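Assemble the complex: chain A is given as a structure, and chain B must be docked to it using the hints.
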Amino acid sequence: MNLDSYACAEVLDVLDNMEKKYVEKIPKKFLEVLKENASDNYKKHIVTFKPLKNQNLNKETLKILTVINLKYWTESQEDKDRILKSKIKKN
Amino acid sequence: MENIEEIFKEKNFNSETLKYIENFLDEFDGIFGKYVSRDEVIRRIKENLNKNIGYFSKDESNDAGTYSSFEKEICLREGMSEEDNKSVIFHEMIHCITTRGLSVGFDEEYITEDLEDNSIMAHHGLTEGFTAYATTIRNQKYGLERNSYPILQQQTKNLIEIIGEDEFWNVAFNNPVKLFDLMEKNRLAEDYVDVEIFLDKFDVIWRYERQILNSKTTLLGRIREDDKEIDTPLADAKEYIIKTFSNALTQREISSPAELMEIYSKIKGYSRQLDINNGFPIYDAFFVQFKHLEEKGIPREEILNGLGDDAKEMLEGKEKLDNFLSLDRYEQLEQIANNPNQVFDEVIYSEFADYCMAEIAKSILTPNLPHATEMYCMLDSGLAKNILENGYNLDSLAIEFLEIDDADEMSFNLYNADGENTNYLGTFGCKDCSFVKYTPLENEEEREWFVAQRPDFKDAAFLKSETGQYILYYGDDKYKYISSQGRVSKFSEYTNYCESPMESQLRKVRSAKKQYDTFSKMGYMEKFAERFKIEMEEHYQEYLKLKSGRLITPIDVEEATKEVNLEEIGETLAKFIESAPKRKKSLEEGINYESR
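Heads up: the sequence lines are chains A and B, in that order.
One gets the numbering used here by counting positions in the first sequence from 1 and adding 11 to each.
One gets the numbering used here by counting positions in the second sequence from 1 and adding 89 to each.
Worth flagging that the hints you see were computed from the coordinates, not collected in a lab.
Be aware that one or more of the hints could be misleading.
Listed next, the in silico DSSO-like pairs over lysine-lysine satisfying Cα-Cα at most 27 Å (straight line) [said to hold, decoys possible]:
hint, chain 1, residue 1, chain 2, residue 2
1, A, Lys70, B, Lys651
2, B, Lys357, B, Lys451
3, B, Lys409, A, Lys61
4, B, Lys651, A, Lys55
5, A, Lys55, B, Lys664
6, B, Lys664, A, Lys36
7, B, Lys147, B, Lys108
8, B, Lys664, A, Lys64
9, B, Lys664, A, Lys54
10, A, Lys82, B, Lys664
11, A, Lys64, B, Lys651
12, A, Lys32, B, Lys597
13, B, Lys651, A, Lys98
14, B, Lys664, A, Lys91
15, A, Lys61, B, Lys451
16, B, Lys246, B, Lys357
17, A, Lys64, B, Lys451
18, B, Lys651, A, Lys36
19, B, Lys602, A, Lys31
20, A, Lys39, B, Lys664
21, A, Lys96, B, Lys664
22, B, Lys664, A, Lys46
23, A, Lys91, B, Lys651
24, A, Lys39, B, Lys651
25, A, Lys82, B, Lys651
26, A, Lys31, B, Lys597
27, A, Lys91, A, Lys31
28, A, Lys32, B, Lys651
29, B, Lys651, A, Lys46
30, B, Lys664, A, Lys40
31, B, Lys651, A, Lys54
Which residues of chain B face chain A? A few of them, derived with a C-beta cut under 8 Å, are [to be verified]:
hint, residue
32, Leu640
33, Pro643
34, Glu648
35, Ala649
36, Thr650
37, Val653
38, Asn654
39, Leu655
40, Ile658
None of the values given here were measured: they were computed from a predicted structure.
Even for Gly, the Cβ is constructed at its ideal location relative to N, Cα and C.
Just chain A, with the same shape it has in the complex:
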């Protein structure tokens, strides 16, 4: 079970289009794993003028982004609970 190299590259592509302050919240080691596993053939395509949800992100990319969002960007417990609740419902 390996990390999807395209997804790792795509996550980095998304991060490239975010403010530095959000990227800095992610531990360096986590980012290193992404970089080490990222595909060399990936062609950047993420744009900022178009909603992210409409950019056909890879399913694996979405999963990694969910982890990052929950762990590093969602600060209050209340928000974390809200997001988790929505995920449980879908289960």
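Below, chain B without anything else, positioned relative to chain A:
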């Protein structure tokens, strides 16, 4: 009865000069006597005229007459009729009696009196404008159809209408330094910098009308090809003058739809006189005053009923455009790409079509995109829809024209070229000169046909950028066909020079800061410094807006990841740990996911 010879005996003027002076005194007294007394006019002539009327030949100048405050002399062109001579003398005499030291009329140093370099910034424009207008009033009285500087005169007349006749002539004849106060009082200027800029615009028109005179063409005629460089400043000057007048009308107290209609008609008159159509902004006073009336409690319907059809249509046109522009950029793009005809019919106010298109382009385009009109055509032809659906970056579109000529016959290659990736999106052409329809050219033969159409065609690729138009020349007459790949690589190379919107905004901030630093060091330029400071802050705010508004945020991520469920998150975490065995411990710490 005064004896003119006696009055000017110390000057030793000849009888012809005395005759013209006496004639001028009578004529001036009859028209403008209430602003300057006859005795005062005589005193000024004594002070500012030392020589007899002189003459110059047609070959020497196209002017009908001249006054020199240095020589204190009036000269006329030889061979004019007596009636013309009198009219020209009236004009030159007004220069003579409005001279103080070497400054004639509004060619005043009052504008620069606060400056330390003592430079005199002459403003011939308004000086010639009011002198020509005063002369026209005189000519009309004596049934002479003679009219110099028509545009300047008209604008002086507009200025006088706003300022008030008595006040203006008093200032023009007696106290030009007070022009600033008058303009400020009438909301035509906020500070002396505004006055200076306003007078500069009159100067531009003056230079243009001088040029017309010197090129011996009629006003309706075309100016010489090599004089075209004045066109842009002239258009700017016209626009500035109308905006200034319009701004003054914004401040006028009105209380009825009829007065609002009067404002509309006035601005329409200005724009017709100056022959410009620069869209809604010059009608700002009309829109602002419409709101004022609504705020005063007059029902909208009642106001609209009091307006003419064209005023009503313009108001509706402005509101439709504003509504469209209030949508976010992506919504605008989608609307245009999906239904261009509807946008064209409903949002573009036909009288200001160019302006509306430019505003929409400004809203949806970034600096390195092609020309606004071309972009609109691409949107209209459905190309943009295709681009959007394929997820290409609209911000990085690069256009390469294969053929450009005056008949609107052109084709272009379109690339998505952001400096890192370059995608050839296709070749599009407009074969039948139809203005708005570009269709994809399906095969290479057609592409070659376009290039081969012009034997003198120098292969050039164009790339628009904020700082100007990059033009790449490669290939020559012998080499008509350039491969797509060759062009693509050139584009990649050149797009590296293109600025992103944020970079472009930052450059503007830096440029304004540089100006601010320069002017703030010069003690007497605080007003300029202040302006650049404001400009700098505005650009910086815009930059911040771009920075925050255009980047992806965690909210976007949350929105995009809605469908991911808990189980999938667990799988992902497991993969992470597996992919980094050496860092297992630290990763587990890092991804200590509470709800596992």
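For each hint, the structure was consulted:
With a C-alpha separation of about 11 Å, the suggested pairing of A/Lys70 with B/Lys651 holds against the 27 Å cut-off. Taken as a hint, the B/Lys357 and B/Lys451 pair is honoured in the structure, with Cα atoms around 25 Å apart against an allowance of 27 Å. In summary, the hint linking B/Lys409 to A/Lys61 is supported, as the alpha carbons are separated by about 24 Å, within the 27 Å threshold. With a C-alpha separation of about 23 Å, the suggested pair B/Lys651 and A/Lys55 falls inside the 27 Å cut-off, and the hint holds.
The suggested pairing of A/Lys55 with B/Lys664 holds, with an alpha-carbon distance near 23 Å, which does not exceed 27 Å. Taken as a hint, the B/Lys664 and A/Lys36 pair is honoured in the structure, with Cα atoms around 21 Å apart against an allowance of 27 Å. Annotation: proposed proximity of B/Lys147 to B/Lys108 holds, straight-line Cα distance about 24 Å (limit 27 Å). Only pairs whose Cα atoms come within 27 Å are accepted, and B/Lys664 paired with A/Lys64 is accepted, the gap being roughly 24 Å.
Using a Cα cut-off of 27 Å, the hinted pair B/Lys664 and A/Lys54 holds, with the two alpha carbons roughly 23 Å apart. Proposed proximity of A/Lys82 and B/Lys664 is supported: the alpha carbons are some 16 Å apart, at most 27 Å. With a C-alpha separation of about 9 Å, the suggested pair A/Lys64 and B/Lys651 falls inside the 27 Å cut-off, and the hint holds. Taking the CA atoms of A/Lys32 and B/Lys597, the gap is near 24 Å; set against the 27 Å cutoff, the hint holds.
Only pairs whose Cα atoms come within 27 Å are accepted, and B/Lys651 paired with A/Lys98 is accepted, the gap being roughly 8 Å. For a cut-off of 27 Å, the pair hint linking B/Lys664 to A/Lys91 stands: about 22 Å separates their Cα positions. About 17 Å separates the Cα atoms of A/Lys61 and B/Lys451, which keeps this hinted pair within 27 Å; it holds. A hinted pair counts as satisfied when its Cα atoms are at most 27 Å apart, and B/Lys246 with B/Lys357 qualifies at roughly 16 Å.
Taken as a hint, the A/Lys64 and B/Lys451 pair is honoured in the structure, with Cα atoms around 26 Å apart against an allowance of 27 Å. Straight-line distance between C-alpha atoms of B/Lys651 and A/Lys36 comes to about 21 Å, which keeps the hinted pair within the 27 Å bound. For the proposed pair B/Lys602 and A/Lys31, the alpha carbon gap of about 25 Å is at most 27 Å, so the pair holds. Of the supplied pair hints, the one linking A/Lys39 and B/Lys664 holds, its CA atoms being roughly 18 Å apart against a limit of 27 Å.
The straight-line distance between the Cα atoms of A/Lys96 and B/Lys664 is roughly 23 Å, inside the 27 Å bound, and the hint therefore holds. Our distance criterion of 27 Å between C-alpha atoms is met by B/Lys664 and A/Lys46, whose separation comes to about 15 Å. Proximity of A/Lys91 to B/Lys651 is assessed by CA-CA distance (about 13 Å); at most 27 Å being required, the pair is judged to hold. With a C-alpha separation of about 26 Å, the suggested pair A/Lys39 and B/Lys651 falls inside the 27 Å cut-off, and the hint holds.
For the proposed pair A/Lys82 and B/Lys651, the alpha carbon gap of about 15 Å is at most 27 Å, so the pair holds. Taking the CA atoms of A/Lys31 and B/Lys597, the gap is near 22 Å; set against the 27 Å cutoff, the hint holds. With a CA separation close to 22 Å, the supplied pair A/Lys91 and A/Lys31 stays within the 27 Å bound. With a C-alpha separation of about 23 Å, the suggested pairing of A/Lys32 with B/Lys651 holds against the 27 Å cut-off.
Restraint check for B/Lys651 and A/Lys46: the C-alpha separation of about 25 Å stays at or below 27 Å, so the hint holds. Only pairs whose Cα atoms come within 27 Å are accepted, and B/Lys664 paired with A/Lys40 is accepted, the gap being roughly 15 Å. For the hint linking B/Lys651 to A/Lys54, the alpha-carbon distance of about 25 Å falls within 27 Å, and the restraint holds. For B/Leu640, the interface hint holds, the least distance from its beta-carbon to any beta-carbon of chain A being 5 Å, beneath 8 Å.
Using the Cβ-Cβ criterion of 8 Å, the hint placing B/Pro643 at the interface with chain A is satisfied: the shortest such distance is roughly 4 Å. Annotation: B/Glu648 was flagged as interfacial toward chain A, and the flag holds, the nearest CB pair being 5 Å apart, inside 8 Å. At its closest, the beta carbon of B/Ala649 sits 4 Å from a beta carbon of chain A; the interface hint therefore holds under the 8 Å criterion. About 4 Å separates the beta-carbon of B/Thr650 from the nearest beta-carbon of chain A, less than 8 Å, and the hint is met.
The restraint placing B/Val653 at the interface with chain A holds, with a minimum CB-CB distance near 4 Å, inside the 8 Å limit. Interface restraint check for B/Asn654: the shortest CB-CB distance to chain A comes to about 4 Å, inside 8 Å, so the restraint holds. Interface restraint check for B/Leu655: the shortest CB-CB distance to chain A comes to about 4 Å, inside 8 Å, so the restraint holds. Annotation: interface hint on B/Ile658 holds; nearest CB of chain A at approximately 6 Å, less than 8 Å.
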